[in-house]
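Colleague: Chains as they are written, first to last, in our numbering: chain A, 246 to 1022; chain B, 7 to 171.
Take the hints with a grain of salt, since some may be wrong.
Unchecked claim - With a straight-line Cα cutoff of 25 Å, these simulated DSS-like cross-link-like pairs (lysine-lysine) come out:
1) Lys728(A) with Lys694(A)
2) Lys739(A) with Lys51(B)
3) Lys408(A) with Lys51(B)
4) Lys648(A) with Lys293(A)
5) Lys106(B) with Lys11(B)
6) Lys761(A) with Lys373(A)
7) Lys106(B) with Lys432(A)
8) Lys739(A) with Lys728(A)
9) Lys293(A) with Lys739(A)
10) Lys408(A) with Lys802(A)
11) Lys408(A) with Lys58(B)
12) Lys373(A) with Lys58(B)
13) Lys761(A) with Lys694(A)
14) Lys408(A) with Lys432(A)
15) Lys408(A) with Lys728(A)
16) Lys408(A) with Lys739(A)
17) Lys879(A) with Lys728(A)
18) Lys432(A) with Lys58(B)
19) Lys408(A) with Lys373(A)
20) Lys11(B) with Lys784(A)
21) Lys90(B) with Lys106(B)
What the hints assert, rightly or not - FRET-style restraints, in silico, Cβ to Cβ:
22) Gly98(B) with Thr705(A): 25 to 35 Å
23) Asn867(A) with Glu57(B): 39 to 49 Å
24) Glu57(B) with Glu794(A): 41 to 51 Å
Source of the hints: derived by calculation from the structure; they are not laboratory data.
We put the CB at the ideal spot given by N, CA and C, even for glycine.
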Amino acid sequence: MKLTRSALVLLFVWLVLLAGLTWFVQRQLQISTDLRLFLPSPTTAEQKLLLEEIGEGPASRVMVISLEGAEPEQLADASRTLVETLQSSPQFRLITNGDMSLDSVPDDLLAYRYLLSPTLDERPLDQKYLHAELQERGRDLASPAGAFLEPWLPRDPTLELLKVLQRWQPMQEPNRLFDVWFDRDGKRALLLAQTRAAAFDPDQQRLAVEQLDAAAERLKREDGVTLTFSGAGKFSVMMEERTRGEAQLLGAAATVGMIVLLLIAYRRVGSVVLSALPLASAGLAGLAAVSALFGTVHGITLAFGFTLIGVAQDYPIHLLSHGHTNRSPVESARELWPTLATGVASTSIAYATFLFSGVIGLAQLACFTVAGLAVAGLTTRFALPVLMDSAGRDFGDSAWLGKLWQRMERLPRPRWAGVAAIILAIAAMVLAPQPMWESDLSKLTPVPKELLIQDQALRTELGTPDVRYLLVIDSPDTEYALKKLEQLDEPLQKLIADGAITGYDHAARYVPTAEKQRQRQARLPEPATLRVDVDAAVKDTPFRPDVFEPFLADVEKARHLRLLTVDQLRDSPLGVSVEMLLTQHDKRATALVTFSGVADVAALERFAAAAGPGILLLDTKNASETLVTNQRVKILWSLAIAAVLLVAVVWFSLRQTSRVVRVLAPMALTTLLIIGILQAAGVSMTLFHLIALILAAGLGLDYALFFEHAADDPMEQRRTLHALLVCSASTLMVFALLALSTLPVLRALGLTVSIGVVSNFVLALLLTRPTAPAHGT
Amino acid sequence: VRFSKLLRAPLIVSGDLGYAGPDSLDRRVSTPYREHTAIRGESVKVERDGEKPRSFALKHAPELRGLLSGFSAMLSGDAASLRKTFDVEMTGDDDAWTLKLTPTDTKARRRLQQIEVNGHQSDPRCFAMTTSDGASSVLLLGASAAEPVAADVTLVALQRRCGGP
């Protein structure tokens, strides 16, 4: 391959530009795995809350850990060891296995027991009460519980701490064996760990996951205990790894396949290498555009984006296949440009509508693809031809292509088949039993279903509340929220009594309002009074009079304590519960009431309606479905606009109704067919299917445009046929590879596009090829 | 009979023990008040007249565990299961024997120092349990409980009654 001086300069400049882009991208690009980028922007307060919960909420930081494979007692020991190991870890804020013995309460919380327990609301800490309590303690001491209560009695003769602990127990207690959480069958010990990092901070989450993995390995080795864990953070790390792994593998396979295919097709190394330049430029330009505009790029955008702009490889293929013995590549490019430009412009327009879909991930994808395709088209037109050898092979001379074209021309033009296809597709859409659209938010995530089910099962075992209904209380500060919650206690108890729910949980169960704490504090007796009362109360009990000094000291301490706040509880074993139920942000506090065993939704709704302003019953399932539906409506509108624009571009380029119809027919039919086939196969469509549909439509348009472009010249016809064969074969190869992916999203994309390529090619062949003799130029 | 540093005089209660297999034991107090403790598997439930029942794990009450395993070992003659949780030391003869049980687990030993069982032939007569802080309780069974215990009884007096050293 000989290059002229100017061509060398061009190549050099091109490569320098690519290197510059690479540098820019390396510096700027931040990959995010926050799935919310692919969810629509919330419009209502409920949706906002929902998305916050998904992404940053404390619930999303919680990992559920299960230990199995040994005797329960060993598992319980392993559970305790794990808590000890991870407690000091910088990655985990908290790890708890449910072990809430008297000794597990942090020392600085102990004195608060008189402010936390409701005892003082009902009666004063006087001689009469103390006497009754001491009688009981005497019996306790003689009972088998005596041994473990004995050390506490001098300090806490009314067992106030026990009352507080009982209050803190979840209403729906998970099963316990040997004092730690177990599943119902007693086969798995369960723990909860809360990471410091948010679920979608993959670097930090990876450290946490690695630490758990190390712990798992150690447990396996030393005790034969199998540790499994799950949670949003793990999913995010795992999906990143898997997506990266698969993308690399599939990408490598596709690249090798592509090179082999191109070498077979063109038999020239130089051309094949050169033809990779537009695609490389497209990828880098796309990345640069996204990182300049958005800052971060979602992993899915990357994976999808590269698949979508893979189409750009078709552009140099057209140029290569249209090589001409007595025409320079530059002239060929000029000749092809109107057709190529129509294809690029219309596809870009289709993607560009995603910019306005209100989904950031889609907007990124649009930006990436449009920038990529435009750069690929322009470089194929203006840069690549200059570098190319003029003395290429002319596929116009190819005898087998000629024969193929002739055979093709004799093919029937079965219009009835088109009609039949339409009817069948519509029938499939109407008759398919599953809903046409997937509205379940959870199915939009690329996390494999089995893992989600496993995660849910673990959470259910831990007695985590019913996730569907939440009562949301929006208030200016925590104190106000806690007060509201305290007021709701009574109607909530009534709901339980009525059988509408079996339990509920809210932050005020753990932290009373400052007001209440102050009241209780005020009721604590003065030291002198208390001493007199204790002495009198002890008199006719078996206890010695002088053993309760620690009790007197603790009460005196409690009288002067600063009131307990939510923040103080944060790092105690209760932190997870409290933080999930009460979040502070932007100077506002959002408190949640969770329910378990919801049996009567109507009663719950009545209760919420009567609860007062600023209190809302959130049906998360409903909210997420509305969210998805809104998103779909927006995307469908984008698509409708895209379709109109696409027709306009094709019309503008071809300016003849019959030609426009011929070009658009295969694409439209294919779209219909794909939907029909998916529906018949029992697949409900998601966002990712829609993206795949657009991609397939873009391909169909390209094929049809080039078939249409082939006109009458037999030499030109053969060149076009060659280009299209190479294009469709390469695209089919890439997407068939994707269809092999284990990631559901990639598989959906691969399958959809593969069907699309075949259908588009066949239909373009049948419907778009010019009528043999009749059609003139 | 329960002795404790916290108490002026020992607490004396009496009632029945019902043993029904290695993981089930009932302890019923009838005087001076009524109370029912039921061990079922790993959990212990204490019920008292006019109060909410209270449950806790058997692990928290090493003395109960000792009592239970002591019983089951003696009634089934299975010393091996006893050795799993305790160091066992046996002295005396058939007519008056003493069994000393010390928990093998250091954690359990922090609370329960030792259980001493005295017996005559195949009847255990006394279970004396000493917790680590020096408190102790003595359970008199069968013949040894026939005579009433004085309100100001001492540990030494009870040990003598049981036939210990």
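Colleague: Which numbered hints turn out to be false for this structure?
Modeller: 1, 2, 4, 7, 9, 13, 14, 17, 18, 22 and 24
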